[in-house]
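Here are the chains, one letter per residue:
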Amino acid sequence: MTDQMKAEQTEAPEKVDGVRVGEARPAIPGMDQEGEKLSPDLAADDTIRARRSANAGSDSQIMHSRAERPWSFDVADFSLPTGREEEWRFSPVKQLQGVFEDAASDDREGDPAASYALEVPEGWDAGTLAGGQAPRDSVLRPADRAAAVGSANAGEARYVRIPENSEHAEPVTVRVAGRGADRRSNSHLVIEAGANSHTTVVVEHTGSAQHNGNVEAIVREGASLTLISLQRWDDDAVHVGQHDAQVGKDGSYKHIAVTLGGRIVRLNSNVRYEAEGGNAQLFGLYYADSGQHLEHRSFVDHNSPRNTSNVLYKGALQGEGARTVWVGDVLIQKEAEGTDSYEKNQNLVLTDGARADSVPNLEIETGVIEGAGHASTTGQMDAEHLWYLMARGIPEKQARRLVVRGFLNEIVQQIGVPELEDSLMEAFEAELAISDN
Amino acid sequence: MSTLEIKDLHVSVILADETTKPILKGVNLTIKSGEIHAIMGPNGSGKSTLASTIAGHPKYQVDSGEILLDGEDVTEMSVDERARAGLFLAMQYPVEIPGVTMSNFLRSAKTAIDGEAPALRTWTKDVKNAMGELKIDPDFVTRNVNEGFSGGEKKRHEILQLELLRPKFGILDETDSGLDIDALQVVSEGVNRAHEANDMGVMLITHYTRILRYIKPDFVHVFVDGKVADQGGPELADRLEEEGYVNYLKGAAA
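Each protein sequence line maps, in turn, to chains S and H.
Residues 1 to 437 (full-length UniProt numbering) make up the first sequence, in order.
Residues 1 to 254 (full-length UniProt numbering) make up the second sequence, in order.
By construction, these hints were calculated from the structure, which means they are not laboratory data.
One or more hints might be untrue.
As the list claims (entries may be wrong) - A few chain H positions that, by computed beta-carbon distances, are all more than 12 Å from chain S: (1) M1; (2) V13; (3) E18; (4) T19; (5) A55; (6) T75; (7) E81; (8) R82; (9) S108; (10) K135; (11) E196; (12) R213; (13) D225; (14) L236; (15) E243.
To be verified - Computed beta-carbon distance windows for the label pairs: (16) S150/H / I434/S: 34 to 44 Å; (17) A433/S / K135/H: 36 to 46 Å; (18) E133/H / Q414/S: 34 to 44 Å; (19) E5/H / P92/S: 55 to 65 Å; (20) K94/S / S150/H: 32 to 42 Å.
Just so it is clear, CB atoms sit at the ideal spot from N, CA and C, and this is done for glycine as well.
Taking the hints into account, I'd like the entire structure generated from these sequences.
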C-alpha cells in the first residue's frame, strides 16, 4: 500500500455508497493528479485540447481531476519526461528514452523493425488509414509523450473493420514480431467493431523492439469486442502503448492485457462511452521476474449516464528487482448518473526483493450512481491456503503452484480462447519453475 | 493395526505479536485403529488446539511431549508428510482457495496421498458415488475449493475428502457445529462409512453430545484447561448431557 492510500484511508469520511465524494474526495498531492501539467508552458498553450472540469479554477496550475489531463497530437506539447511528473514517477524514464524520441520506425529494405501479420476473415475490411483519416484519431487522444510520438511516427495505421451484425467465433490474431531490441518500431492499430458484431481480436507481441504501439478501438452500437493484448516479448524488449476505446450504445468492450515478457512494458488502457447502456471491462494479468518493469494504467471515463465498468488487474512478482505498477483511474462525471463501476488490483509477491505499486483513484462528481468501489491488495501468499492444501498431503511446492495458478486463473478464465488459456497456464508453469515455487 | 499416541503433550499458541500462550498442559491419549474417541469439553479447553497441533498448523508450537504414529514422532514431520502418513484433520473452518477447482484439488490430494495418480475411470466413479452419498450437488466439482460454500457444504466437503483419502486416523474438529439435523445425519453417516471401510481410528472433537447419537464413541475424554480431566465409556457422555461441564470447571477454578 502506498502512502497515498494510507493517507486516503484516514481522510474524514463523506461518502456515497461507501465512496468518498465532494470535498472529502481524495485531493492529496500525488493521489489524483495524474494529469499534472508536464511543463508550465502548457497552461498557456492554446493548441492543447485539454478539457477542464467544473471544479478547477481557470488559473489552476495543479490539476485536480483526471479529466484535466492534457492530450495532444503535437509532440511539441509534451516535453521529455524526467520521472518527476506524476504519471511518470513510477517508470524508469531513462530506459525509455528510445521510445520517447520523435523518431520514425527503424524499417529497412525488406526488413521492418517489427513484422506485422493478420489474416482477416472473409467479409472483413482491412486497410490503412493516414493520420486524421476517419475513424483514426476519433477515439485515441495521445495523453503522454510516448503516445504522442507513437501516433506522430506510426505512418499509415493498420485498420480492421468488423462488419455489422457479424459474429466470428474464432479469435482473429494480429501478430506483431519485433526484429531487434535496439530498433524503434511505431505502430497504430485501429479496430472498428461494426454495430451488433461479436468478436475477439488478439494482438500478440513477440520478439524484441523499442516498440511504441497505440491501439484504437471503436465499439459501435450493440457490438461486443474482446481485445486481448499479449505481451510475450523477449527479455530485452521495451514496449509503451496507449489503448483507447469508445463504447457505443449498449455496446460491450473487454480489454485484457497479459504481460509476461519484455524488460519494460508500460500500457495505458483507457475507455469512455458514446452513449448509454455500455459495459466496459478492463482486465490485466502480469507476471514480473527479476529485472522486469511491468506497468499498467487504466482509466475509465464515465462521461455519460447509465454505463457500467469493471476493472481487475492481477499480478505475480518474483525475484530481485521485479517491479510492477498499477494505477487505476475511474472518473464518474457529473452527467454520468446511474453509473456502476468497480476497480480492483491484487498482487502476489512470491519472493523478497520484488516491489508492487498499486494506486486506485476514484473521482465521483455525482451522487446519483448505482455503485462505485475500489480495492487493492498486495501481499505474500496466504499461509492458510498452503496449510489447507498441505494438510491434504500436497507437498509445499505443488501447493504453492496451485495457489498461484488459482490466483491468476481468475483473469485467464476471462479470455475465452482455450488454446490461449492453455498456452498461458504453461507459461506460468515455466515462470514458477524460475523461482522454484 | 495402527496406533496414535499422545504423550505428555504441552503446546503453546503463537499470538499475532509473536508472544506465546500455553494451551495444552500435559495431554495423554492413545487411539488405536477402529476405535472412536470423543473429546469433549467447554470452549477454550484446548480441544481444537490438540486437533490442529496433530495436523501441524504453524500457529501451534509443541513445547514438550510427543505425538507418535506407529512409534514415529509426528512433530518432526511437515504438514503434508503427516497427511501422507495417514492423519486427516476435518477442519472446523475449511479454507477457501480462489481459482482452484474442487476436481483439481481432490485429484491432487489423492495423488499425493497414494503416491500415484488414481485410475481415471474408477476415480471419477468413486468421487461421484461419495458425493451422492453425502448429498453434494454434482456441479460442485467445477467450483473453486470451498468458495461460496455454505457452512454445511464445507463440512460435507471435509467428509468427502475423509472418505476419498482413506486416512488411518480421522480427527474431526467440531464437524457438527453449524449443521442442521439433516446435515448432521448425512455427515455422521459419512464418518461411520469411513470408519468401517478402512478400520479408521476417530478422534471426534465436539462441544455437544448431539453428534454422539449418530457416531457411537468407544471412549469419552473430558478436556478442561488443557488436560484430560476425566475419561470413560459412552456413559460419560450421557452424564455430561445431563450435568454439563460445570462440575469440572469448579474443579479447575479451585
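Check your understanding: In ascending order, which of the hints set out earlier in this document are inconsistent with the structure?
Key -> Of the numbered hints given earlier, those the structure breaks are 5, 7, 8, 9 and 20, listed in rising order.
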